[in-house]
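A.B. asks: These protein sequence lines map, in sequence, to chains A and B.
Position 384 (the first sequence) corresponds to 384 in the UniProt record's numbering; numbering is contiguous.
Position 5 (the second sequence) corresponds to 5 in the UniProt record's numbering; numbering is contiguous.
Rather than coming from a laboratory, the hints here were simulated on the basis of the structure.
Mixed in with the good hints, there may be bad ones.
[Claimed, not checked] Each pair of labels, with its calculated beta carbon distance range: (1) B:G100 with A:N162: 40 to 46 Å; (2) B:E154 with A:G460: 33 to 39 Å; (3) A:H16 with B:T27: 29 to 35 Å; (4) B:R67 with A:G26: 37 to 43 Å; (5) A:K409 with B:R99: 15 to 21 Å; (6) B:G98 with A:H16: 29 to 35 Å; (7) B:T102 with A:A424: 26 to 32 Å; (8) A:G26 with B:R99: 47 to 53 Å; (9) A:T188 with B:E154: 40 to 46 Å.
[Stated by the list, open to error] Pulled from the structure, derived: some chain A residues nowhere near chain B, Cβ distances all over 12 Å: (10) M8; (11) R163; (12) A272; (13) R317; (14) C328; (15) E332; (16) M425; (17) A427.
[Stated by the list, open to error] To spell it out: a stretch of chain A is covered by chain B in this simulated footprint if at least three of its residues, at any positions, have a beta carbon under 8 Å from a beta carbon of chain B; those stretches are: (18) 231-244; (19) 275-289; (20) 339-348; (21) 365-378; (22) 449-462.
The C-beta atom is built at its ideal place from N, Cα and C for all residues, glycine as well.
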Amino acid sequence: MSGTFVGMPAFPKAAHEAVHNTTLRGNLRHATHTIRGKRAKAVTEVSDWAELREAGKRIKDHTLRHLDRYLVQLEESVTAAGGTVHWAADADEANRIVTYLVKATGESEVVKVKSMATQEIGLNEALEAEGIHAYETDLAELIVQLGKDRPSHILVPAIHRNRGEIRDIFAREMSEWGRPAPEGLTDTPAELAEAARLHLREKFLRAKVGVSGANFMVAETGTLVVVESEGNGRMCLTLPETLISVVGIEKIVPTWQDLEVFLQTLPRSSTAERMNPYTSTWTGTTDEDGPSTFHLVLIDNGRTDTLADEVGRQALRCIRCSACLNVCPVYERAGGHAYGSVYPGPIGAILSPQLRGTASEIDASLPYASSLCGACYEVCPVAIDIPEVLVHLRERVAQGGPATEKGNKVVLKPAKGHAAERAAMRAARWALSHPGALRTGQRLASRTRRLHPRTLPGPGKAWSASRDLPAVPAEPFRDWWQRTNGGRTNGGKQEGTK
Amino acid sequence: MRVALFLTCVNDTLYPDTGRAVVKLLTRLGVDVDFPMGQTCCGQAHYNTGYRHEAEPLARKFSDVFREYEAIVTPSGSCGAMVRELYPRMGERARAEGRGDTLARTLAPVVPKTYELTEFLVDVLGVTDVGAYYPHKVTYHPTCHGLRGLGLGERPRRLLQAVKGLELVELPGAEECCGFGGTFAMKNSDVSAAMGADKVRNAESTGAEVLCAADNSCLMHIGGTMARLRTGMRPVHIAEILASTEEEPLG
């Protein structure tokens, strides 16, 4: 499977496959339910969780409101600390910059820290096209890379795989990439982890160039922060001679003190840990310690367009904890691949159509990939009202309207394929604005109720394929009310019960 | 107290028994109930599908019909949440679009006066024992908009626990969405059906005869799935259980 998501089918089509894959559904159900329970427990341990959530929201909102100022401050701090800052407007530009920087070192391989930003821009594929091999060192990313697969979860990219599948991938593929898997590898977690450790160690010790993202960038000191569980990230951040960090412009926080909030909320929301095992920070370069060359590539790639939208901009508060994925009933059934993006689940359903626009079939379908149950909003540690943004984006898809594309204000036309729905909504609005028309419709439905089909044509077919339709009653309520004066007269008492 | 029943278009058309049960229950508790004939729909289906501008005239109409009443009671958590949570947001959006305060001002009077039925019983009337009798084993599904939109919390369970003869059993995974989600059930039918089937399997595992909820839209989806899967369980709206008495038991 390729690493690109372009040309993905719309969400319902992709989900159709996933829903009927019983192994996948079993894997997802087990994983999401386990982490869901643990997260809830980890959060209740903190007495001021609601305040932390509010503080995180405020810090992010404040930073986004003054992003121009903080980005300039960050650039100054990074430069003063011996780093070099590069600005990339889109994925292509970011990939060109990173490729150029790697080539300038004369190397043809890099080790990578798990990073959503580099997934988003398709960096591995871009480097591969230039003859540079990028090795993922996060265990789950390694599984995905060796399996020629795509990540399906923000935090646990191989969540859709079980132990048996992972054993098979390791045994089959590791030799192609470096040190082969040990003979007679079983599917016990300890053996699988040891196989990965041996395979990766070779890469850490050889690599001259490391590529990372960052969870946070502190504007006041130019410090970058990576929060991780395995320690592979720290190896990549300290061992190579050159470090290239690719980070979205929204990852900034003004001060070190602001980190205090997120270093509490992020681990508890994501892995249900009180504290993550490794928090690495790096500031420019230091003599005889860590990389001697440091580049920061700041990517926009749709972020300032998202920032321009007053309802949708809250998606940029996201700290990529993936709590919303783990709690989402739609994600649990459809799996991460159905979202057609490196950002799956509820956050992906609002982030991708904003970063990429709603022109493609998959992006236009994502705002509808939710029952609006609100569980995602409830667990979000920075209080992103995901249902609100979903409805806002549905409006953009169904009715068009103002948006910002590449910095220009535009008025979008409604997406294709919504004409019939629009007409139906308009007709329903008309009927519902006229109680007489509603009543006529109700009476017609009541009188013809014996003739109603058991299955529906058109869009209703999807309903009757798996559910029985309710029977239309002999008399709508308003007719009963009028006939019996609200049950006060003639037959009201008898009619009052079934 | 002059209370208006906002029955919702779905209940009016498909579930008149629920409406009659609300009238019977509130009348028994001494409330003077009126059903304003001009009422139709709160506009939720339009709003949530992305047709906010089509929802606006319906919201204005809702306000015109109901604004004079002391309280507006609805047996639907999701339509209640539409009025309470989303009408103010519609007003804000209109303001942000440079259309002034007119919509916000029109909708404001109905927002704080609109109550979901169980909320009205517990918070306004101050009752948890409504004198009901229902000798069945029941499991309760808290619907998403009632649970997370309105924050109904334990109110429905407290009301059910006080019903004579009723045995309330806990539903595993109760707080997970049943998969209805309005037009979601049609637009993402496969996922919706899978969620519904899981909800029904969980309900079945309780051994209850009845699955009860405070929203007929969700019950339509769950009940339709139950019928298709031939579970033998039946969906019943909480209003009908609370209206049932020893003298006039629910059939």
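A.B. asks: Could one say that the CB atoms of T102 of chain B and A424 of chain A fall in the range 26 to 32 Å?
C.D. replies: At roughly 28 Å between Cβ atoms, A424 of chain A and T102 of chain B fall inside 26 to 32 Å, so the hint holds.
A.B. asks: Within the region 365-378 of chain A, is the number of residues with a Cβ closer than 8 Å to a Cβ of chain B three or more?
C.D. replies: holds (count 11)
A.B. asks: A range of 33 to 39 Å was offered for this pair. Does it hold for the Cβ distance of E154 of chain B and G460 of chain A?
C.D. replies: 37 Å, holds
A.B. asks: When you look at the beta carbon of R163 of chain A, is every beta carbon of chain B farther off than 12 Å?
C.D. replies: About 24 Å separates R163 of chain A from the closest Cβ of chain B, which puts it past 12 Å; holds.
A.B. asks: Tell me if chain B covers the region 449-462 of chain A under the three-residue, 8 Å CB rule, please?
C.D. replies: holds (count 3)
A.B. asks: How does the region 231-244 of chain A fare against chain B when you require at least three residues with a CB closer than 8 Å, holds or violated?
C.D. replies: Violated, because only 0 residues of the region 231-244 of chain A bring their Cβ atoms closer than 8 Å to Cβ atoms of chain B.
A.B. asks: Would you check whether the claim that M425 of chain A is not at the interface survives, using Cβ distances to chain B and the 12 Å cut-off?
C.D. replies: The assertion about M425 of chain A is violated, with a minimum of 5 Å to chain B.
A.B. asks: The output says M8 of chain A does not contact chain B. Does that hold with a beta carbon cutoff of 12 Å?
C.D. replies: The assertion about M8 of chain A holds, with a minimum of 15 Å to chain B.
A.B. asks: Take a quick look at A272 of chain A and tell me if its Cβ sits farther than 12 Å from every Cβ on chain B, holds or violated.
C.D. replies: 18 Å, holds
A.B. asks: Confirm or reject the claim that H16 of chain A and T27 of chain B have a C-beta distance inside 29 to 35 Å.
C.D. replies: 49 Å, violated
A.B. asks: Can the region 275-289 of chain A be counted as covered by chain B under the rule of three residues or more with Cβ-Cβ separation shorter than 8 Å?
C.D. replies: violated (count 0)
A.B. asks: A427 of chain A clear of chain B by more than 12 Å, beta carbon to beta carbon?
C.D. replies: 10 Å, violated
Hints 1, 3, 4, 6, 14, 15, 16, 17, 18, 19, 20, counting from the list given before, are not met by this structure.
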